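**Student:** Given next are the chains, with one letter for each unit.
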Amino acid sequence: GEQVEQRPPHLSVREGDSAFIICTYTDSATAYFYWYKQEPGAGLQLLMSVFSNVDRKEEQGLTVLLNKKDKRLSLNLTAAHPGDSAVYFCAVSGGNYKYVFGAGTRLKVIA
Amino acid sequence: DAGVTQTPRHEVAEKGQTIILKCEPVSGHNDLFWYRQTKIQGLELLSYFRSKSLMEDGGAFKDRFKAEMLNSSFSTLKIQPTEPKDSAVYLCASSRLGGDTLYFGAGTRLSVL
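In order, the protein sequences belong to chains P and H.
Residue numbers 100 to 210, in the numbering used here, belong to the letters of the first sequence in order.
Residue numbers 7 to 119, in the numbering used here, belong to the letters of the second sequence in order.
In isolation and in its complexed conformation, chain P is listed as follows (with noise of 0.2 Å):
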């Protein structure tokens, strides 16, 4: 079945610096691409969804780059701030209710 590989597991940057997270994926039939946070003591909480069809999205900060070839798929956080501190996820589906998701990165931003 299909097999997600998050990484970093860690990550810190300091405030306004870029943060980068990178998934894999392994079954080219995926079709739908998430990013989620998750704050301390909370759900996870959507930041981004990505069909097959998009290479690129940018929304508010945080850009999401889909590269079906290389089936890789990545975040990035441009100027980061404190409040951004927190567990990020990625997640794919194949269409189905089968979601597989990432073992997260936890991000540390500091001031």
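Calculated from the structure, these hints are not laboratory results.
All the given hints hold, so there is nothing to weed out.
EDC-like mimics (lysine to aspartate or glutamate), calculated; alpha carbons at most 16 Å apart, straight line:
no.: 1; chain 1: P; residue 1: K197; chain 2: H; residue 2: D37
no.: 2; chain 1: H; residue 1: K84; chain 2: H; residue 2: E20
no.: 3; chain 1: P; residue 1: K197; chain 2: H; residue 2: D106
no.: 4; chain 1: H; residue 1: K91; chain 2: H; residue 2: D69
no.: 5; chain 1: P; residue 1: K170; chain 2: P; residue 2: E104
no.: 6; chain 1: P; residue 1: K170; chain 2: P; residue 2: D154
no.: 7; chain 1: P; residue 1: K197; chain 2: H; residue 2: E62
no.: 8; chain 1: H; residue 1: K45; chain 2: P; residue 2: E138
no.: 9; chain 1: P; residue 1: K197; chain 2: H; residue 2: D63
no.: 10; chain 1: P; residue 1: K197; chain 2: H; residue 2: E50
It should be emphasised that the depicted structure is a prediction, and the values quoted were computed from it without experimental measurement.
Based on the hints, put chain H in the right spot on chain P.
**Tutor:** Using the frame of chain P, we list chain H on its own:
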């Protein structure tokens, strides 16, 4: 629109007890999911409902975990009997249709002593 609501937020149980976790999905969503989240295993699917019908019951979790959806706006997850290894965060999520965006509740943190 209200998001996914989970209660209680925290639950402490003694080993062997029965606990029931509750979830109200986003209004109008057809699919409901229960996940268990731990640091070691990450997110594990426990149950999946489509239009109130149980479609996936999480294999390894069958024996002591039972999820029910009595109506389209309410689901429960019963753990009976609880064991210390069940200590985790239990997340409920809903979506309009499978493969569509998942919306998560805040979770229930369960501690089994």
